[in-house]
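Single-letter residue listing:
2 protein chains.
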Amino acid sequence: MSNDERELTLTRLIDAPRENVWRCFTDPELLKRWFVPRPWTISEARVDVRPGGTSYTVMRDPDGNEYPNSGVYLEVVPKERLVVTDAYSEAWKPSDKPFFTAIMTFADEGGKTRYTAIARHWTKEDTEAHVKMGFHEGWGKAADQLEEVARSL
Amino acid sequence: MSNDERELTLTRLIDAPRENVWRCFTDPELLKRWFVPRPWTISEARVDVRPGGTSYTVMRDPDGNEYPNSGVYLEVVPKERLVVTDAYSEAWKPSDKPFFTAIMTFADEGGKTRYTAIARHWTKEDTEAHVKMGFHEGWGKAADQLEEVARSL
Chain A
1083 MSNDERELTL TRLIDAPREN VWRCFTDPEL LKRWFVPRPW TISEARVDVR PGGTSYTVMR
1143 DPDGNEYPNS GVYLEVVPKE RLVVTDAYSE AWKPSDKPFF TAIMTFADEG GKTRYTAIAR
1203 HWTKEDTEAH VKMGFHEGWG KAADQLEEVA RSL
Chain B
1083 MSNDERELTL TRLIDAPREN VWRCFTDPEL LKRWFVPRPW TISEARVDVR PGGTSYTVMR
1143 DPDGNEYPNS GVYLEVVPKE RLVVTDAYSE AWKPSDKPFF TAIMTFADEG GKTRYTAIAR
1203 HWTKEDTEAH VKMGFHEGWG KAADQLEEVA RSL
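As you go down the protein sequences, you meet chains A and B in turn.
Just so we're aligned, residue 1083 is where the first sequence starts under this note's numbering, counting upward by one.
Just so we're aligned, residue 1083 is where the second sequence starts under this note's numbering, counting upward by one.
Please keep in mind that the hints were generated in silico from the structure rather than gathered at the bench.
Treat the numbers as computed from the prediction; the structure is a model and nothing was measured.
Fair warning: there could be bad hints in the mix.
It does not matter which identical chain is meant; a pair holds if it fits inside one copy or across any two.
To be verified - Pairs of lysine-lysine residues, derived as DSS-like cross-links and limited to a Cα-Cα distance of at most 25 Å, are as follows:
#	residue 1	residue 2
1	Lys1114	Lys1161
2	Lys1179	Lys1194
3	Lys1114	Lys1194
4	Lys1175	Lys1161
5	Lys1161	Lys1206
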């Protein structure tokens, strides 16, 4: 099966230095401020940003219901590239459902930062489900919030 | 779901120095000599032993049918620990079927080498299928061959 059919992409030119954008991904207090589209919030965030390190976030909906998410970083190139997957809940324990792997890249572009997020899935069905769950709107709105936080630093 | 239910383990005391055992895993020419139980053979082996590097082997049955296998190394601690998964065919392309992650550890023990292989699966069904495919016999026989090659170095 082609990987293209299982891939979703978001790209944005963020009006902030790459250093700031990187901090927004790796500092849990900053991450909390943009990572889910408001009015959802992140009630807890722990990120051990190194290959094999755990990413743990708890998303909270407006009614107060909480949704924990665990993942593991596969690749970390400071200020350039971050790869994380939910296929493991910690290094190296398979999660109950390997859903996707996110590859985030950051590059300088005319004084701004080109941010690209690629979400790769194990199945075409999961890719389609991710679209229906609102991948484009959700990650797009989060990217707006990311820019807002990164500019403020 | 508990990880224990999805885990298979093989442990062996190998009568060879840890250095030699490590070489048997990381030198493709040595790997070919033991990695599948005879009379199967490995007709091709390419291993890029670093986190994110690809492991590619082709198993050949006695009739000459070939079975290619791709995986990616997740963690590499020279002479101590090697983690590889078939959940990716290369960094970081999801494979068609994430079946298992192998964690191999090597430790000195009374002048010999304690070799432990843990195979962790995403589902209980895959774990059971791996047992039926002959995990214990196959990996056990391969470990005998590993010892033979490691002792000869």
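Status of the hints after comparison with the structure:
In this homomeric assembly, Lys1114 and Lys1161 come within 25 Å of each other (Cα to Cα) only inside a single copy, at 19 Å, whereas the closest approach across copies is 40 Å. Neither within a single protomer nor between protomers do Lys1179 and Lys1194 lie at most 25 Å apart by alpha-carbon distance, with minima of 36 Å and 39 Å respectively. For a Cα distance limit of 25 Å, the shortest separation of Lys1114 from Lys1194 inside one copy, 22 Å, qualifies, whereas the shortest one across copies, 50 Å, does not. Taking the closest pair of Cα atoms, Lys1175 and Lys1161 come within 25 Å of each other only across two copies (22 Å); inside a single copy the shortest separation is 27 Å, beyond that limit.
In the homo-oligomer, the alpha carbons of Lys1161 and Lys1206 never lie at most 25 Å apart, since the shortest distance is 31 Å inside one protomer and 39 Å across protomers.
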